[in-house]
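In the order they appear, the protein sequences are chains U and X. Taking our numbering, the leading residue of the first sequence gets 1492, the next gets one more, and so forth. Taking our numbering, the leading residue of the second sequence gets 1492, the next gets one more, and so forth.
Don't take every hint at face value.
Heads up, the list lumps identical chains together, so a pair's fine if it works in one copy or across two of them.
Distance condition first, Cα-Cα at most 20 Å in a straight line; then the derived DMTMM-like pairs of lysine to aspartate or glutamate [stated by the list, open to error]:
1. Lys2123 - Glu1717
2. Lys1893 - Asp1903
3. Lys1954 - Glu1863
4. Lys2135 - Glu2098
Hint data in this document are derived by calculation from the structure and do not stem from the laboratory. Only a predicted model underlies this, so the values are computations on that prediction, with no experimental measurement involved.
Protein chains: 2
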Amino acid sequence: MDFSSLDPLISPRSIAIIGASDEPSRIGGRPISYMQQRGFKGVIYPVNPKRQTVQGITAYADVASLPGVPDVGIVAVPAESAVEAIDALGRKGCKAAIVFTAGFAEVDEAGAAMQDRMVAAAKRHSMRLLGPNCLGLFNDSIGFYPTFTASFDSGWPVPGGRIGIASQSGAYGTHLFSLARDRNIGAGIVVTTGNEGEVALGDVLGWMAQSPDIDVICSYAEGIRESEKFLAALSLARANRKPVVMMKVGRSELGGAAAQSHTASIAGDDAITDAVLQEFGVVRARNTEELLDVAYAAQKRIYPAYNTLGVMTVSGGAGVLISDAADAVGFPMPAMPQPAQDKLRSLISFCAPRNPVDCTAQAINQIELVGEFTRSMAADGGYASCLIFFSQVGGSRTVAPKIRAQLKTVMDEHPDRLWALSIIAPPDMIREYEADGFLVFEDPTRAVTALHAMGRFGVAFAKAETVAGILPKVSLPASTPSEAEGKRILAAAGVPAVPERGCADVEAAVKAALDFGFPVVLKILSPDILHKSEIGGVLLDIESEAAVREGFATLIERAGKRAPSAKLEGVLVAKQIKGAVEMALGMVRDPVFGPVAMVGLGGIFIEVLKDVTFRRCPFDIAEAEAMIRGLKGFPLLDGIRGRKPADVRALAQALANLSAFAAAAGPQLISIDINPLLVLPAGEGAFAADAVLEIGPMESAK
Amino acid sequence: MDFSSLDPLISPRSIAIIGASDEPSRIGGRPISYMQQRGFKGVIYPVNPKRQTVQGITAYADVASLPGVPDVGIVAVPAESAVEAIDALGRKGCKAAIVFTAGFAEVDEAGAAMQDRMVAAAKRHSMRLLGPNCLGLFNDSIGFYPTFTASFDSGWPVPGGRIGIASQSGAYGTHLFSLARDRNIGAGIVVTTGNEGEVALGDVLGWMAQSPDIDVICSYAEGIRESEKFLAALSLARANRKPVVMMKVGRSELGGAAAQSHTASIAGDDAITDAVLQEFGVVRARNTEELLDVAYAAQKRIYPAYNTLGVMTVSGGAGVLISDAADAVGFPMPAMPQPAQDKLRSLISFCAPRNPVDCTAQAINQIELVGEFTRSMAADGGYASCLIFFSQVGGSRTVAPKIRAQLKTVMDEHPDRLWALSIIAPPDMIREYEADGFLVFEDPTRAVTALHAMGRFGVAFAKAETVAGILPKVSLPASTPSEAEGKRILAAAGVPAVPERGCADVEAAVKAALDFGFPVVLKILSPDILHKSEIGGVLLDIESEAAVREGFATLIERAGKRAPSAKLEGVLVAKQIKGAVEMALGMVRDPVFGPVAMVGLGGIFIEVLKDVTFRRCPFDIAEAEAMIRGLKGFPLLDGIRGRKPADVRALAQALANLSAFAAAAGPQLISIDINPLLVLPAGEGAFAADAVLEIGPMESAK
């Protein structure tokens, strides 16, 4: 997917402003004022029927009169005129528009209809349209400032910033930008998408993923609208090794149909969004601060696929605190090799040389030891991330220059590492450390979170894109099949069922039971009886031929009495499996992200604890196994209390096969619910005991 | 418990410095230099045998020569001399000492022995001793600065600060102080406890809890040593309505004996510490930033027992973000009353009036609407906490004064509320908002966490101290009793067991079964057979008199074959209970906090998920019910899947009774393990099915 159609929107050479104002503080005046202040190199065409010039630039009465075709039109006129302005721009040959105007879909139905007309006009002319009801954007590298935000009252962006911000909320996007700027973090391109009448977040993410001016992408999202572009954008960002850090807030609007499905409603759609973000290595920040911390660290462009943390402190207390924080996010802190520990101890006998390494205040008194210790951590410890806690000592005017000299030397020897400092220092000193190449955090736990995220990016970048295996050919029945038929379909797809056989008469049932071996389960077989147990139509623990004969008669009799109108086809004989771990497998069709598979442990794990994992279909067995191992209840599969470990591989294979089937089946397949799937001890397999395939009407297919 | 014996340590009128240095940058020189700069009003006696004066003050050759008795002695001499200095101070009549000197228990066994000698000397003279190996303390209100920290290079404490910091780590304590000062948060008293040879964290917390100069207590702890003082301090702080916010890091040292107990090792000692902190309403901060945010907000001394959050924004996006954050911590955001919503909509038709209230940019254009909206939130919404998100608008030089005027009026009408702003503004403007009385946060999610903590304090302060009911009289057997005996003891204590009866012969067994009603369980009865099921000594589902006779014979026969040397006492007949929820109840003796009760759901909840709650014994039924309702698996007791709700009240009563029994039993009672405790549907009771009381030897009793 190519996102270059947004070039005229974000990187234009010429612009028109419909509703241009001579007053630099007005909405139609600010963009011109900003662009003049920031030296926009392109042509500016103010459109204002009442003035000859606007802020010193020749103005034009209307779009038609412009002497050239603008790459982009900025629309700052009332809603009624805005629709017409888009049409005028389109007729002129303009390929993009930014609509500040509010009063559209965010207000009422009439506004929504007007927005639809405006978007239709844009599409007619093949224009890209940002907004309406958006705060615009800016691209500082070319001085392009089509926005009416007041953020610049307190300063322009940090020069040369290679972070891009894509935000659905204008206010929050500029809040983010301002906080970044105040922390000296360079965000050079900020785009707010407002109502997303046409251009959606996915477009902007995709453009940033392919832009040579952007290294790191920050995003704020409330709802994902266009899945195809959104997914393509994330995929492109990953392929281009550009980290995406995102705040996704609010209950997803995706809901709708998916919420009707039992499986999806268990965890809520947010779990599906979460799974999709994780699939592409997007780091989801819990708050603004974390988002900026991660973006700040990501600017180094060091993304270790195997990330380890080495910690050096001048305080035992801080070491404990940092170890706790690392443990909480699962950031490994391997110990220093023993010879290195011995060496450090020979330098300072009271030091703690393991990791966290406590060099004690002694290293400050004998400053070359700071170099020795950090060098050993980088060279001998081999840590991908090095965090050094110097607190106020690092900010001392007398000591800091000496510390810097020591650390800089070691850092220059190991430029491939992430080097972070936790110090308390005045801003000018922090800038100096940063100029040396250090990441600087006051709070060491925030440093841990940010450094850990770099490894998460590294893992995502290193993981080869799942090669889409050839999907199986699937032909679905016309409507929801019987349980037996559903299981046959799934078995053919590689999700085997418990051995079972439909038996029209008692002799067939006896033969099936003898074939499978006792005990067996007997179930009444009828297309008209959906909930067999409610009519007493299931018999467990059938241990002998005589019991099969007796059970067969019992079931037919019960069905005759309790469901007299049901058409009976006989009895289903199934092997009864004991001692297996009960799992639930499923698939739902998410209205945004398509078929999504789910796995969880059965019973209370799914009912009470919502302990399930989702992933978009299809995926391979390695991914399936990772999903299974991520369950809180995984120990139950892993041989707890001296039991034999369960056949996780068979379970993973069934899950991967289910995902391929779901991906191949198309939109008619609404959901699959396998509960329980019985997982036997390792090597003995996993079998669906109960399965429902829900098939939608043909019309639901695209 | 009275903590005033620390007065001479923290608020002395006269001091001696052993090892006083004329050089203000040396360890023995800094305290004198600091006290002179900060105008300490008391008498300073430098002790230095080599000088007539130290930093301009008359010096003395030794402690004996001092013309008066110092309230406290500061010891800054090498370890060998430090022990002697303590003795000299004690002989002089001094009642407190602060020992900077390192080289004691933190180093090796010899150092530990030397520390023991020093502490013994202090105790001999009834002196309180802070340290050794500590960074000292300061009490800015009297200019008392017995510390050698370099923190003041970058500034003195904010004047009049009423926050106290008690830290085991010197480096981290001053890190915390420096961060507080840089945020203009006033910490006037900071005490670091170092090796805690004598004065422990609990002493310092207790002193701060009773000090009229302290409103809010911050603490950093790695391990809790003296439980009695620690608990008394937390209790006093709660009684005096002083919030305590604490970082407790690292694996607890409490471990030891408790780790041997199955129950305690399930969740780790940290869960017990957590329960104790929660019991006293201590807010446990996850990191330094959160600690300071909470302390900052707590300075307002507004602790609503029913805390609700009202949010006003100029950005829909921020409202969603804030709602997410409030939901994550369980902070209620009730909707505005409908008439108030109607009123707001009549003011701005496009506003979102529910909560979060979005007043839109319109309110900025018509500034009196800011007042109208906030007034309605306070008066009509009645929120205890009001959070207003104005982002950069709140920092605009032109708009901010108007916003301040509007908000100040409303705040003055409702001074009992917590008012917080999320704005981006230069420091001088933030100070102005703060001077008006607002809490100011850049990040709205941090504001949510801090405001929510105020309600947690409020709940703790409002909760009447559990009146210790009269504990039952308990007489324990001399050693670990049989299961039947254990259950009898527990039943007498109010933890009923499943109806059962030991039967010496088969006729008695038949009678018992007929009395209880079928089905029953039969178990072999022998003091020599601990694990009955291992020898096939348990029979379930005994449904008839004939089955009782057959079962009796079977058990006696199996025991005879498989445990031939065991003394047999017959068979235990118990009512078999089906359809109950299985719980685990227990009690362990924590080496620091004494008897601690535990409750959890049985099976995987406890095995895999470690879903248990702890609380110190004793406690009442309301507390017991709160523990039960806090379990992740609680829905299983609450009638999930259409089942009848379980008898939570009976369960809570059993738990409370267990706690009273454990508290009364004394140190000989090592642990109780009831697993399962079977909880029947509401009104039908809860019964212990299996119980082990572990009794220690008499020597283990104090």
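Hints and how they fare:
no., hint, verdict
1, Lys2123 - Glu1717, "neither (32 Å within a copy, 36 Å between copies)"
2, Lys1893 - Asp1903, "within (16 Å within a copy, 52 Å between copies)"
3, Lys1954 - Glu1863, "neither (36 Å within a copy, 55 Å between copies)"
4, Lys2135 - Glu2098, "between (25 Å within a copy, 16 Å between copies)"
Hint violations for this structure: numbers 1, 3, all remaining hints satisfied.
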